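Asks: The lines below spell out each chain.
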Amino acid sequence: MTGNGPAEPVAVVGLGVQAPGAASPADLVETLDKARCLATPITDFAVDDLATKLSCRANRYEPERYFTRPEARALPRAVQLTVAAGLDAVGVSTEDWRARFPEEEMAIVVGTGIAGLARFEEQAEILRSRGARRLSPLTVPMIMPNLAAAELAIRVGSHAAATTVSAACASSSVAIALGVQAIRTGQARLVLAGGGESLITRTIVAAFARTDAMSRSTGLPRGPFDMRRDGFIMGEGAGFVLLAAGALCRALGVEPLGEILGVGQSTDAHHIVAPEPAGSGAVRSMTAALADAGLDPTGIGHVSAHATATPIGDRAEALAIGTVFAEHQIPVTSHKGVLGHLIGGAGSVSAIAAMLSAQRGRVPPIGNLVDPDPAIGLDLVFEREREIPAGQPALCNAFAFGGHNVSLIVR
Amino acid sequence: MTKDEMLAVIKEAIDEVVDDVPVDLGPDSGLGTSGIDSLSLVEIVLVMEERLGIGTGPDDFDDVRTVGDAVDVFVGLVDAQEAAEAVS
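Residue numbers (this note's numbering), protein chains in the order written: chain V, 1 to 411; chain A, 1001 to 1088.
Rather than coming from a laboratory, the hints here were simulated on the basis of the structure. Treat the numbers as computed from the prediction; the structure is a model and nothing was measured. Glycine included, each C-beta is placed from N, C-alpha and C at the ideal position. Hints may contain errors.
[What the hints assert, rightly or not] What the simulated footprint calls covered on chain V by chain A, stretch by stretch (three residues with Cβ under 8 angstroms from a Cβ of chain A suffice, anywhere in the stretch; the number is not a length): (1) 64-74; (2) 128-139.
[Said to hold, decoys possible] Chain A residues, not near chain V, derived (Cβ > 10 angstroms throughout): (3) Met1001; (4) Val1023; (5) Ser1029; (6) Gly1055; (7) Pro1058; (8) Arg1065; (9) Gln1081.
With the sequences and hints as input, model every part of the structure.
Replies: Right, here's the structure in full:
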């Protein structure tokens, strides 16, 4: 993205995760290592007439750790998960970030696909069935897409720009890409970047099922790249990285937890939902990220694929990975077989997982991948984890409805 | 429902909606000084409507300045509803 050769890596000095089976980065590693799909039957609403009946809940999230009872009552779950993960990313580096980064303001970039739609759905039903006077006066602020960014700014007390970006399932990866850009251009020296989503509602699950992107399985669905894959399971969650300029870390003696080495973005400009069949957009984002990091494909230790387990999406991504990495046998994993699809939160959570996998030199297996699709033709990590040289960067993809493609290179 | 009983119900509703409710919240507590702004008051009224099974009108709370004022309004609304049910 810089266009002038590799840029300096951007330091990661804080991490925060709220996801199925994970209320911390350490939980995330443990959960992915187990490779057990966390899908459970949906019980919050009627699913009799829905094609999809499973979801993956952020089942370790503890609202009382972050919010008072009135706050938890008012804030939509998507925003709670997002703010919680954001606060954890700030808190990992220090309980008081201002003490650790004196003289700094913290820019905030939050990615979300549909944000407060669950609350909108609830209030629309109240309006329909009980009338206008029963609507909550907080309906408007609680459905604003920028609510999480505003809440985070209030809670961390930062007066720098707090921005919201929406790119469907690539939203939080776009947020990280924008955060990296802000640091590289000197716009900011400290950026909290990531995003989250919670869309396990009757309308949204029914609507996604109508796109044919969700699994219809009532038992455990087959995972990404499986011969019998039939779509994703809706998950929920959020992930954040606290990014800092390398010079700032050096000046203050802050030891980074990881690095973002490169970012690449592209758009398919092909179809509002379907990926370009040959994966040309994905090739562009991966190639751009490699160039941005100053790496060739042999410098990558593993790929964390977007791979949602849709027949067409996995196939297009596989073609793209094959094109970029050619004869270099690159281990490929995907986290959605375990976590489900976190929509706007998927990119950042997977980027954090990929960063930790790269550091440990252990790639977790793809959950519920039983019979690899022979048409995929990749070195898929399944059944058991794969050991790779520790410290080799990972390439992490996030793609989205709308044709948005983001590739991040992390270590 | 007595005023004391209503005060207990409304304190619970306030506690559900508002952070840092003063521990000595009582009938003489001003809404503004108790952290109850106009949006919070609407939320509290929604919670009270649920709890009491009553409806409220758009002007019912125009003159409410204290917690005690709100107690009086809700006691009046409950009494009116019970009277209406007795007639029907």
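Asks: Determine for every hint whether it applies to the structure shown.
Replies: Against the structure, the hints come out as follows:
{"no.": "1", "hint": "64-74", "result": "holds (count 6)"}
{"no.": "2", "hint": "128-139", "result": "holds (count 5)"}
{"no.": "3", "hint": "Met1001", "result": "22 angstroms, holds"}
{"no.": "4", "hint": "Val1023", "result": "15 angstroms, holds"}
{"no.": "5", "hint": "Ser1029", "result": "17 angstroms, holds"}
{"no.": "6", "hint": "Gly1055", "result": "8 angstroms, violated"}
{"no.": "7", "hint": "Pro1058", "result": "7 angstroms, violated"}
{"no.": "8", "hint": "Arg1065", "result": "19 angstroms, holds"}
{"no.": "9", "hint": "Gln1081", "result": "16 angstroms, holds"}
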